[in-house]
Every structure is written in structure tokens, then in C-alpha cells.
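Asker: Sequence:
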Amino acid sequence: MEKPATAMSAEPSLTAGPAFADWIALLKPRVMSLVVFSGAIGMLLAPGHINPLVAVGAVICIAIGAGAAGAINMWYDRDIDAVMRRTVNRPIPAGRMAPMPALIYGIVLSVISVIAMFVLTNWVAAGMLAVSIAFYVLIYTMWLKRRTPQNIVIGGAAGAFPPIIGWAAVTGSIDLVPVLMFAITFFWTPPHFWSLSLYASGDYERAGVPMLPVVRGQRVTRINILVYTLILLPVAASPWMVGFVGLPYLVVSLILSGMFIYYAVRVMQDGRGPGGDTVSDHAPARKAFRFSLLYLFLLFLALALCHAIR
Numbered sequence: 001m002e003k004p005a006t007a008m009s010a011e012p013s014l015t016a017g018p019a020f021a022d023w024i025a026l027l028k029p030r031v032m033s034l035v036v037f038s039g040a041i042g043m044l045l046a047p048g049h050i051n052p053l054v055a056v057g058a059v060i061c062i063a064i065g066a067g068a069a070g071a072i073n074m075w076y077d078r079d080i081d082a083v084m085r086r087t088v089n090r091p092i093p094a095g096r097m098a099p100m101p102a103l104i105y106g107i108v109l110s111v112i113s114v115i116a117m118f119v120l121t122n123w124v125a126a127g128m129l130a131v132s133i134a135f136y137v138l139i140y141t142m143w144l145k146r147r148t149p150q151n152i153v154i155g156g157a158a159g160a161f162p163p164i165i166g167w168a169a170v171t172g173s174i175d176l177v178p179v180l181m182f183a184i185t186f187f188w189t190p191p192h193f194w195s196l197s198l199y200a201s202g203d204y205e206r207a208g209v210p211m212l213p214v215v216r217g218q219r220v221t222r223i224n225i226l227v228y229t230l231i232l233l234p235v236a237a238s239p240w241m242v243g244f245v246g247l248p249y250l251v252v253s254l255i256l257s258g259m260f261i262y263y264a265v266r267v268m269q270d271g272r273g274p275g276g277d278t279v280s281d282h283a284p285a286r287k288a289f290r291f292s293l294l295y296l297f298l299l300f301l302a303l304a305l306c307h308a309i310r
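Heads up: the sequence shown begins at 1 in full-length UniProt numbering, then just goes up one per residue.
Do not take every clue at face value.
Think about it this way: if two alpha-carbon atoms lie no more than 30 angstroms apart in a straight line, the pair counts; the simulated DSSO-like pairs of lysine-lysine are [what the hints assert, rightly or not]:
hint: 1; residue 1: K28; residue 2: K287
hint: 2; residue 1: K145; residue 2: K287
hint: 3; residue 1: K28; residue 2: K145
Using C-beta positions, here's what the derived DEER-type ranges look like [unchecked claim]:
hint: 4; residue 1: V215; residue 2: M142; range: 18 to 26 angstroms
hint: 5; residue 1: G202; residue 2: G95; range: 21 to 29 angstroms
hint: 6; residue 1: P248; residue 2: V215; range: 37 to 45 angstroms
hint: 7; residue 1: P52; residue 2: L230; range: 35 to 43 angstroms
Think of the hints as simulated: they come from the structure by calculation, not from any bench.
Ideal Cβ placement from N, Cα and C applies to all residues, glycine included.
Whenever a hint applies, use it, and build me the whole structure from the sequences.
Answerer: If you want it as C-alpha cells, here you go:
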């Protein structure tokens with residue numbers, strides 16, 4: 001894989017060695033938390049019964065698998081992480097950990113998570129967990145991220161697998177509802193991540209990563225954010241459309257999607273200066289990014305609660 005010229009620097013010299021916190025940081029715990037939550041919701045929505053201890057074990061497997069993919073991502077992206085302000089303090093670019101232990105750590109945890117999922121549940125859940133790890137590492141990290149501004153659109157599928165994995169852990173199969181949850185997460189990812197990329201575009205430009213604001217400009221990115229939030233509105237309502245949940249879920253989904261569209265409109269308006277120049281301090285983009293996290297959490301929580309009540 002060809003690395004961007006701006007990031008072709010020598011490996012940082014190691015300090016005293018990685019602390020326990022560095023091993024945890026490699027797992028990207030903030031990203032992992034939403035992955036684990038959506039996987040647990042998929043499990044709660046699935047028909048049938050699963051032993052509570054097995055359910056906890058399956059959620060842990062999803063967490064370990066997601067964290068393992070994050071560790072391999074940090075190993076591969078160590079060169080660009082070293083030139084980006086928001087990632088420069090990660091364990092490898094900061095010099096607290098050598099690259100090879102991080103890679104071994106990620107591979108070992110990946111294998112453990114898949115095997116444990118198979119032993120605890122079934123081959124479908126284990127297979128989907130393996131696919132999600134491979135998609136994030138091979139398709140997104142190693143192939144798409146440095147090659148196309150559509151990296152987040154296609155690569156967003158990697159973070160959309162957990163509801164399917166959770167459902168399959170209970171049922172041993174894949175059904176329409178977890179596929180709809182996959183679709184919700186898939187269409188949520190671009191406006192979520194592009195909001196962040198608007199105010200982190202300088203980082204991506206220095207690292208040579210072709211994020212949409214770097215390649216197509218801020219205006220096009222803002223338009224795409226709005227387009228995807230508009231698409232997300234009917235997709236988020238789809239569990240009601242297929243009769244899985246009742247009217248209360250539809251109301252909640254429309255309110256949340258309407259709020260997301262409102263934030264996207266604010267992002268659009270934020271970039272309009274005299275003559276079309278960008279005059280933004282990106283405050284609306286930061287707010288849209290923060291709300292997007294709350295959006296997916298509340299939407300899936302509403303889906304679980306409305307289904308339980310029904």
C-alpha cells in the first residue's frame with residue numbers, strides 16, 4: 001500500500017513502554033461503545049430466548065471484535081495519525097508503543113472474538129463478526145480510506161453489522177429487521193462523519209487522506225450531509241413501515257430525523273459568506289456531529305422500547 005508523502009516519517013522512538021491505558025486506547029473505546037450498544041439492541045429485538053450469561057458473552061465478543069479492528073486500524077494508520085492533531089497522541093504515533101505489538105494484539109483479539117462467538121452462539125453470528133472485522137480492516141482501512149472520497153459511504157457498512165450480529169446470536173439467522181437497522185446505520189454514517197471532517201479537514205489534507213471536504217470542497221460536503229439526512233428520515237421509519245413497531249416509534253423517529261435535518265440545514269447555512277466564500281468556524285458542524293451520536297442512540301433505544309411495549 002502506498003503511503004501519503006506527507007506522512008513518510010520515521011517511526012517515533014519509544015518511551016518507557018505502553019501502559020495499560022494505551023492497550024485500552026488501541027481498542028477505540030468511544031467508537032466501541034456505540035457498536036456494543038447497537039449489537040445489544042439487535043439481540044434484544046430478536047425473537048426467541050438466549051441465556052443471559054451467553055448474551056453477555058456475545059456482547060463482549062462484539063466489543064472485543066470491534067476493538068481488535070480498531071487496533072489494527074491504528075497499526076496501519078500510524079503514519080497519518082502522526083501528522084493529524086486529533087490522533088497524534090495515540091499510543092503508536094506518540095511513541096508509547098511499537099507498531100508490531102499493536103498488530104499482534106489486534107489479530108489475536110480478532111481471532112479470539114470470532115472463536116468465542118462461535119462457541120457461545122452459532123456460526124452465523126461468528127461469521128458476521130468475522131466479516132465486520134475484515135470489512136473494517138481490509139475494505140475501509142487498507143483500501144478505501146486513502147483512495148476515494150466515498151470511503152465513509154462504502155466503509156460505513158463496517159459499523160453497521162453489530163445489529164445483525166446480535167440478532168444472529170439469538171436466532172442463528174438474518175432477518176429483515178436487523179437488515180433495516182444495518183441500513184439505518186449505513187445512511188447515518190456519512191452525515192455523522194462528514195460533519196467531523198468539515199472541522200478536521202486540515203488534518204486530513206496534511207495526511208493526504210481524500211476526505212470529501214479535501215477533494216470536493218466544503219460546499220459539496222455540506223450538500224451531501226443534508227442529502228443523507230433527508231434519505232435517513234424514511235430509512236429510520238422503516239421498522240414501522242414493515243409493521244415491526246407501532247406508531248410511537250414512528251413519531252419518535254420523525255422527531256429525531258427532523259432534528260437531524262435541522263442541524264444539517266444549519267451546517268449548510270454556516271458556509272455561506274459573501275461571494276460564496278467559506279466563513280464558518282464550524283460550530284454548526286460540531287453540533288451536528290455531537291447530535292448524530294445522540295440520534296442513533298435514542299433511535300435504537302426507542303426501537304427497543306416500542307417493540308417491548310407492543
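Asker: Now tell me, hint by hint, if it's right for this structure.
Answerer: Okay, the hints, checked on the actual structure:
no., hint, in the structure
1, K28 <-> K287, "holds, 22 angstroms"
2, K145 <-> K287, "holds, 24 angstroms"
3, K28 <-> K145, "holds, 17 angstroms"
4, V215 <-> M142: 18 to 26 angstroms, "holds, 19 angstroms"
5, G202 <-> G95: 21 to 29 angstroms, "holds, 23 angstroms"
6, P248 <-> V215: 37 to 45 angstroms, "holds, 42 angstroms"
7, P52 <-> L230: 35 to 43 angstroms, "holds, 40 angstroms"
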